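There are 2 protein chains.
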Amino acid sequence: MQTFWKNNIAPKAPYYAVIFISEKKENVEGYEEMNEQTMNTALSLKGCLGYSSVPGNFISYWDNMNSINEWRNHSLHKQAKEKGVKQWYKYYHSLICEVKHSHEFFANGFK
Amino acid sequence: MQTFWKNNIAPKAPYYAVIFISEKKENVEGYEEMNEQTMNTALSLKGCLGYSSVPGNFISYWDNMNSINEWRNHSLHKQAKEKGVKQWYKYYHSLICEVKHSHEFFANGFK
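Taken in sequence, the protein lines are chains H and G. If you read the first sequence in my numbering, its first letter stands for residue 2, the second for the next number, and so on. If you read the second sequence in my numbering, its first letter stands for residue 2, the second for the next number, and so on.
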């Protein structure tokens, strides 16, 4: 899936990326609702620039580390992380990164 | 899918990540062979630390920017990129990132 940029504006590097690679358990009751709620809340925050999402890998983009830390400490996000660890995930790998270069390619006729 | 670390060693941040988000066209003749060949070649390079792979998102991890630049200029990689742009991809988003924090979680019984 193509990267979604808020207000349709691709930011110029440097910016920040939070990568979340995950494998879920078989019983993930409540996951979909929480996933939608956290994504909408993150996107509504001023510092969130957009996201890239495919099954098993979610990347959110942020303007700076302060915005990431605010979201890390957000009560809804904390609640989601707690449930994730206890109920939903058998594995995850999370990374906080500074994006140094970013490039998007659109083949003719596919934009 | 869980992140694969070369020699089973998860590196400590800081290290580097190259993210490749993509959407392929319907006809991708030659893609699978090239994909396997480039992945094996990248992994054989000294500076490559491992990778995370799910359909539509491939992330490779590197010890530093020099290693990334060597791989960028590798003849096989250049050939793959040329074919990718001409034949295989309708979209891609590539990012070069410095990993500041990295954390892996394994639920009980799933490591």
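Don't read these hints as lab results, they were simulated from the structure. Please read these numbers as outputs of a predicted model, since none were measured by experiment. Please note: incorrect hints may appear among the correct ones.
[What the hints assert, rightly or not] Below, computed lysine-lysine pairings styled on BS3-like, alpha-carbon distance capped at 25 Å:
#1 H/K26 with G/K84
#2 H/K87 with H/K26
#3 H/K7 with H/K112
#4 H/K7 with H/K79
#5 H/K25 with H/K79
#6 H/K79 with H/K47
#7 G/K112 with H/K25
#8 G/K79 with H/K112
#9 G/K101 with G/K26
#10 G/K84 with H/K112
#11 G/K7 with G/K112
#12 G/K79 with G/K91
#13 H/K101 with G/K13
#14 G/K7 with H/K91
#15 H/K112 with G/K87
#16 G/K47 with H/K101
#17 G/K87 with H/K82
#18 G/K91 with H/K13
#19 G/K47 with H/K82
#20 H/K87 with G/K112
#21 G/K112 with G/K26
#22 G/K79 with H/K91
#23 G/K13 with G/K112
#24 H/K112 with G/K82
[Claimed, not checked] Okay, the calculated bits of chain G under chain H, using three or more residues with CB under 8 Å as the criterion:
#25 2-9
#26 19-25
#27 38-49
#28 67-79
#29 99-109
Idealized CB from N, CA, C, for every residue including glycine.
Structure-based check of all given hints:
Of the pairs offered as hints, the one joining H/K26 and G/K84 is violated, with about 38 Å between alpha carbons and a cut-off of 25 Å exceeded. The suggested pairing of H/K87 with H/K26 holds, with an alpha-carbon distance near 11 Å, which does not exceed 25 Å. Annotation: proposed proximity of H/K7 to H/K112 holds, straight-line Cα distance about 17 Å (limit 25 Å). At roughly 24 Å between alpha-carbon atoms, H/K7 and H/K79 fall within 25 Å of each other, so this suggested pair holds.
For the hint linking H/K25 to H/K79, the alpha-carbon distance of about 18 Å falls within 25 Å, and the restraint holds. Simply put, H/K79 and H/K47 have alpha-carbon atoms about 19 Å apart, close enough for the 25 Å limit, and the pair holds. With a C-alpha separation of about 13 Å, the suggested pairing of G/K112 with H/K25 holds against the 25 Å cut-off. This hinted pair checks out: G/K79 and H/K112 have alpha carbons roughly 24 Å apart, not beyond 25 Å.
Distance check on the hinted pair: G/K101 and G/K26 sit about 34 Å apart at the alpha-carbon level, beyond 25 Å; violated. Distance restraint check for G/K84 and H/K112: the Cα-Cα separation of roughly 19 Å lies within the 25 Å cut-off, and the hinted pair is therefore satisfied. Between the alpha carbons of G/K7 and G/K112 the distance comes to roughly 17 Å, so the proposed pair stays at or under 25 Å and holds. Straight-line distance between C-alpha atoms of G/K79 and G/K91 comes to about 18 Å, which keeps the hinted pair within the 25 Å bound.
Between H/K101 and G/K13 the alpha-carbon distance is near 19 Å, which keeps this suggested pair within the 25 Å criterion. Distance hint between G/K7 and H/K91 is fulfilled; the C-alpha atoms sit about 21 Å from each other, no more than 25 Å. Restraint check for H/K112 and G/K87: the C-alpha separation of about 15 Å stays at or below 25 Å, so the hint holds. Using a Cα cut-off of 25 Å, the hinted pair G/K47 and H/K101 holds, with the two alpha carbons roughly 22 Å apart.
Taken as a hint, the G/K87 and H/K82 pair is broken in the structure, with Cα atoms around 42 Å apart against an allowance of 25 Å. At most 25 Å may separate the alpha-carbon atoms for a hinted pair to count; G/K91 and H/K13 meet this at roughly 22 Å. A C-alpha spacing of about 35 Å is found between G/K47 and H/K82, which places the hinted pair above 25 Å, so the restraint is violated. With a C-alpha separation of about 15 Å, the suggested pairing of H/K87 with G/K112 holds against the 25 Å cut-off.
Taking the CA atoms of G/K112 and G/K26, the gap is near 36 Å; set against the 25 Å cutoff, the hint is violated. Restraint check for G/K79 and H/K91: not satisfied, since their Cα atoms lie roughly 37 Å apart, outside the 25 Å limit. The hinted pair formed by G/K13 and G/K112 meets the criterion: a straight-line CA distance of about 19 Å does not exceed 25 Å. Note on H/K112 and G/K82: the hinted pairing holds, with a Cα-Cα distance of about 19 Å set against a maximum of 25 Å.
Check result for the stretch 2-9 of chain G against chain H: holds, 3 residues qualifying (beta carbon to beta carbon below 8 Å, three or more required). Only residues whose C-beta sits within less than 8 Å of a C-beta in chain H count toward coverage, and the stretch 19-25 of chain G has 3 of them, enough to reach three; the restraint holds. Taking a C-beta to C-beta cut-off of 8 Å, the stretch 38-49 of chain G contributes 0 residues in contact with chain H, too few for the three needed, and the coverage statement is violated. With 0 residues having a Cβ less than 8 Å from any Cβ of chain H, the stretch 67-79 of chain G misses the three-residue criterion, and the hint is violated.
Counting residues of the stretch 99-109 of chain G whose C-beta lies closer than 8 Å to any C-beta of chain H gives 10; at least three are required, and the coverage claim holds.
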